[in-house]
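Asks: Given next are the chains, with one letter for each unit.
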Amino acid sequence: MKEQKALIDVQHLKMYFSIAGKGFGKKSRLTLKAVDDVSFSITKGTTFGLVGESGCGKTTVGRTILKLYEATDGKVIYDGQEITKMPEKEFTPYRRDMQMIFQDPYTSLDPRQTVNEIIGAPLMVQKLVSSTAERDERVRELVAMVGLKDDHINRYPHEFSGGQRQRIGIARALALKPRFIVCDEPISALDVSIQAQVVNILEEFQQEMGLTYLFISHDLSMVRHISHRVGVMYLGHLVEVADVEELFRHKRHPYTQSLMSAAPVADPREATSNKRIILEGDVPSPLNPPSGCPFRTRCRYAKDICSEAMPELTDVGSGHFVACHNML
Amino acid sequence: MRKKINMFPEQPQPPYTMADKDIPAELFELLPEDEKKTDVINRPSISYWKNAWIKIKSDKLAVAGFIFLFIMVLIAIFVPIFSPYTYDGQDYNAIYQTPSMEHLMGTDMFGRDLFVRVAYGARISLTIGIVTALVNMVIGVLYGGISGFFGGKVDMLMMRFVDVFAAVPSLLYIILLMMFLGANLRSILIALCLTYWFSTARQTRGQILSIRNQDFAVAAKVVGESNLRILIRHLIPNSFGPIIVTVMFLIPAAIFDEAFLSFIGIGISVPVASWGTLANDGMATMGAYPHLMIFPALAISLTMFALNFIGDGLRDALDPRLKK
Amino acid sequence: MSNHLLEVKNLRTHFASGGGIVQAVRGVDIHVDAGEFLGIVGESGCGKSVTMMSIMRLLAENAAVKADSLVFDGRDILSQSEKTMRSIRGNEIGMIFQDPMTSLNPLFTVGNQMMEHLRLHKNMTKEQAKARAIEMLTTVGINEPEKRLKQYPHEMSGGMRQRVMIAIAMCCNPKILIADEPTTALDVTIQAQIMELMEDLKNNFSTAVILITHDLGVIARSCSRVIVMYGGLIMEEGSVEQIFYEPAHPYTEGLLRSVPRHGIEEEDSESQDKGGEAQTVERQREKLIPIPGSPPDLMNPPAGCPFAARCEKAMKICKMAPAQLTEVGEGHRSACWLLHSQAPGKDRER
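Residue numbers (the working numbering), protein chains in the order written: chain A, 1 to 328; chain B, 329 to 652; chain C, 653 to 1002.
To be clear, the hints were calculated from the coordinates, so they are not data collected in a lab.
Computed from a predicted model, the values in this text were never measured in an experiment.
Please note that a few of the clues may not be correct.
Said to hold, decoys possible - Some, not all, of what chain C presents toward chain B, calculated at C-beta under 8 Å:
1. Arg664
2. His666
3. Ile673
4. Ala716
5. Lys718
6. Ala960
7. Met972
8. Ala975
9. Gln976
What the hints assert, rightly or not - Derived, one-sided and incomplete: chain C residues facing chain A with beta-carbon distance under 10 Å:
10. Gly697
11. Asn714
12. Ala715
13. Ser755
14. Asn757
15. Glu807
16. Gly810
17. Met812
18. Ile842
19. Cys875
20. Tyr897
21. Ser910
22. Ile941
23. Pro947
Said to hold, decoys possible - Here are the simulated DSBU-like cross-link-like pairs (lysine-lysine), alpha carbons at most 30 Å apart as the crow flies:
24. A:Lys33 with B:Lys549
25. A:Lys85 with A:Lys75
26. A:Lys75 with B:Lys549
27. A:Lys85 with A:Lys177
28. A:Lys85 with B:Lys549
29. A:Lys149 with B:Lys349
30. C:Lys968 with B:Lys349
31. C:Lys971 with A:Lys149
32. B:Lys349 with C:Lys971
33. A:Lys275 with A:Lys177
34. C:Lys778 with C:Lys661
35. B:Lys549 with A:Lys44
36. A:Lys5 with A:Lys44
37. A:Lys127 with B:Lys549
38. A:Lys89 with A:Lys14
39. C:Lys939 with A:Lys149
40. A:Lys33 with A:Lys303
Ideal placement from N, C-alpha and C gives every residue a C-beta, glycine not left out.
Same shape as in the complex, but just chain A (with noise of 0.2 Å):
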C-alpha cells in the first residue's frame, strides 16, 4: 500500500484525571492514568478501530482527539494543524470537520427537543442556514440519507426505537458535513439485527464522502469487519497496533491473543473448534496500574522484565507494532 497521508496523528497522548481521594487536602488525591502515552495515525479515508475492554481508555482516547478533555499531554495533529493546545474559540470551526457519535442512542438526544431541532442545532450553531425554512430543508435531506422519513422530523426521541435513534445522532453528525467522526461504541447498545443497519450506513457514507472513523469498539467481529487498521488498548496503553487483518492472523501480543480467543462467534463449529484462552482474574485498577507492562499480571509469558520496565512499542515490519517483551 503506498503511503497515505495521515488525516489524524496522535503523538504520545497523555490524558490524566486527578479524583478525590480518602481524606481531605491535595495530597489525597489520586491520579487516574486514564489514557498513557499512546501513539497512532488515522489515513484519510480509512477506518481505524480502538478495541479493549471497559476502563481501557479507548472512549477517552477519543474524547481527548475531540478537546472534550482538555489533553495532559502529547499532541493531536489534525490535518497537519496541532489542535491540542488551541483555545475554544479558534478550534469551534475545526468542530464542523470533527464530529462524533455516541454509544447511547438513549441518552444522546436530548429528550425535549424535536428531530428537527436535534440535528438543525449543529446547522443553525455553526451558521451553514441562513433561515428556519433552509434547516428544515436540510434536515429533510439529512433525515432520508439515514432512512429515516420526512414526517419524522416533528417527533421527540422518545418515539423512536433504538436503531432509529442511532440514525438520527449519525445525521446529526453528517449536518456539518465533517471529514472525521469518532464512533464510540456505536452499535454496542443496539439489537443485533439493527447493528448491521447502522454499520451499513457508515459505510455507505465513507465511500460517499470520504470520511475517516475512529471506531471504538469491544465487539472484536464487528472491528474486524469494518476498520482498515485496528489498535489494541489494555489499561490505557496501546499494545498492539496494526493492519486489520495482519492482526487478525498474526497475533504478537499476548493480550491480543487471548482477547480474540474469548470473543463470541457467531458459528458454533468454529466456536468450538477453538480453544479459549481463559485469563485470569481481572483487570487491575488504573488507580493502581502494576510496574512495568499492564498486563503481567494475567500474561501467562511473564517474566521478571515485565515488572521492571514497561515494554515500548516496536515496529516488527509491515506496518505492525507491539509493546510486549516476550512477543508471540
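Model the placement of chains B and C on the given structure of chain A, informed by the hints.
Replies: Same frame as chain A, now just chains B and C:
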C-alpha cells in the same frame, strides 16, 4: 385505584392456520413492498409536556385540587367586588352572628362579614404564594444553574454561600426582616422571596450537575454550541420538571408561613384580613363562637390540601423515574 | 405424559401499561430436559426474559400470566402457593441476571447472603452453611473464599459478583439454572470466564441451563438447543447446528446474515492461500445484510407473523395470520408460511 381491566381481550381468530389445505393461491403471492411499512411509528406524537398533561388529567386528586384552587381564585377576585359588605365595614348591630343567608360565614366581634374577610384573605394568601413561587423560581434556577454548570470553584463558593444562609432557620430571617421593614404585605413578600430560593437553587444545581455530563450535552459541545446555549437550550429545559415540583410545594409553604406570621401577630396587621389573622382573632373566642375559627382554618387547610395534591400530581407526571 | 423437566404450553403474558395492554408473550411452548443447555435468543422486547420471569412467577403486579399448562418436575407451577414457589425458586430453580450488582443486597456481606440462602432453603446450621458457601465459592473459581465471604458486593469486580451470583444460584443444587443475559454487562475476557464456568457446572452437576441472550456468539459456543423468539412468539427452534447451518425461518436467516460470521481465529492455511493476493488488492469485505425496519410494537401486535413487515420473503398470507410451528427436521421446527404445502419454493426471487 387500579381499574379492573380485562388483561386478555378476545383476539380475532386468524382466518387461516398451517393446517388449512385450501388457502387461496393468491395469498401466497409476495407481499407488495409498500404494504410492509417498516420504520412506521403508529403511536401519535406526544411531547414531554403533553404526556405530563395527560397523566395529570387522570390523577383525580390533582384535578380536584385544581378545581378547588380555581374556585378559590374566583372567590378571591369576585367576592370582595360584588359583596354588599367590605372587609373592614363594621356593623355593631350584627356582631358575632352565626352563619346565615345574609352572612354566609357569620360575622365577627365588629360585625364584619366573615365571608368577605376570608375572600379577602385569599387574595393575600394566593398573591403571596404565587409571587413567592415565581420570584424564587427565577432566582433559584439562575443561581443553581450557573453554579451547577460552571462547577469547580464557582460552584464551591456559591453553594457554601447558600449553605451558610440556609443553616439559619428561615423564620428567623423573616421575623428580623419584618421588624425592620414593617408589617405589611410587601415586606412579607420581600422576606419570603429572600429566603425561599435556597431550595430551588440547590435542586437546580443538582439537576444540572447530573445532566451536564450526559451524552446529549456532550453532543451539543461537539457540534460547537456555546456554554450559554447548552445551559439554556439543553440543561435548564431538562431539569425543569423536578424544579416545577419543588416550586409547586413552595406555594403552600409560603402561604402557611404568612398565616403563621400573622397568627403570631407579626404578619399582616389589622384591619386587613389574612387567613392567619382571622384564625388568630377567631381563637380568642373559640369557645363561644367556633365558626370564627373554623372557617379561616378550613380555608387554610383545604388550600394546603389542594396545593399538595397538585404538587403530588405534578411530581408523578413530571418525574422521569416514575415514567413507564 | 410428559417427561420433560419443565414444560410450558401456550404461555401468554400481558402487561397493563399507561397506554394499554402490552402483549409481551403471545403463546409460547417451551420444554427443557434434565442436563440440557438451552439457549433462548432474540432481540430486546421479543419476550425472552418475560417468558422466564412468567415461569418463575416473578413478574410485577401489572402482569397477567396464562398458560394451558406449566409443569415443573411433575408439579403444576400456576397452582402452587407463593410459599411453595419461594422454595422452588432458589432451591430447585436457580436464577442469575444481567447485572449482579442489583441482585445482591449492598448492605450485607456476600457470606451473609449466601448463608442466609442456604439456611432458608436447606435448613442448615450456621456452620454447615458456611462450609457449603466456601465450597461453592471454590467451585465457581473464587480464590480465598473465606476472605471473600466477609466482603460486600461493592468491593468486588463485575466478574467476581457474577461468580458469586452463580454460587448462590447453584448452592442448593438446583435442577435448572436460568441465566438471563449473564455476560452482557461483562467484558469479553470476563465473559469467557463466566461461560466456561457455566459449561463446567452443567457438565459436572448435570443441571439444565437456560441461557437467555441476544448474542448469537454466546449461543453458538455453549448451547445444544436453541429457541429463536421474535415479537412474543417462537420463530424457530432446533439444535444449534440446525439453527446456524440450516435456518428455516427468514428471521433466523436475517439475524445470521447481519453479524460478521467469519471468525476471529481463522485457520492460517486457508488465509495464506489467498492472503498474498488479497492484500495487494482492495480488501474484500463480506457485506453485512441488515434486516430493515424495527421490531413490532407489542401494544398493537400485528395480526399475522410479527416478522412479516421486515421479511423479504413475506407473502400476503403472512400479514393475515400467524404461522404455527411446523416440523422441518428432527427436533427442528419453524413458524413460517413458506413451510405450508401450498407455498412456493423457498428460493423465490424477489
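Asks: Now, for every hint given, state plainly whether the structure supports it.
Replies: Taking the hints in turn, this is what the structure says about them:
no.	hint	verdict
1	Arg664	holds, 7 Å
2	His666	holds, 5 Å
3	Ile673	holds, 6 Å
4	Ala716	holds, 4 Å
5	Lys718	holds, 6 Å
6	Ala960	holds, 7 Å
7	Met972	holds, 6 Å
8	Ala975	holds, 6 Å
9	Gln976	holds, 4 Å
10	Gly697	holds, 9 Å
11	Asn714	violated, 20 Å
12	Ala715	violated, 22 Å
13	Ser755	violated, 19 Å
14	Asn757	violated, 22 Å
15	Glu807	violated, 12 Å
16	Gly810	holds, 8 Å
17	Met812	holds, 7 Å
18	Ile842	holds, 7 Å
19	Cys875	holds, 8 Å
20	Tyr897	holds, 8 Å
21	Ser910	holds, 4 Å
22	Ile941	holds, 7 Å
23	Pro947	holds, 7 Å
24	A:Lys33 with B:Lys549	holds, 24 Å
25	A:Lys85 with A:Lys75	holds, 8 Å
26	A:Lys75 with B:Lys549	holds, 21 Å
27	A:Lys85 with A:Lys177	holds, 24 Å
28	A:Lys85 with B:Lys549	holds, 17 Å
29	A:Lys149 with B:Lys349	violated, 40 Å
30	C:Lys968 with B:Lys349	holds, 16 Å
31	C:Lys971 with A:Lys149	holds, 23 Å
32	B:Lys349 with C:Lys971	holds, 18 Å
33	A:Lys275 with A:Lys177	violated, 45 Å
34	C:Lys778 with C:Lys661	violated, 41 Å
35	B:Lys549 with A:Lys44	holds, 24 Å
36	A:Lys5 with A:Lys44	holds, 6 Å
37	A:Lys127 with B:Lys549	holds, 15 Å
38	A:Lys89 with A:Lys14	holds, 23 Å
39	C:Lys939 with A:Lys149	holds, 25 Å
40	A:Lys33 with A:Lys303	holds, 24 Å
Figure legend: structure checked against the earlier numbered hints; hints not met, in rising order: 11, 12, 13, 14, 15, 29, 33, 34.
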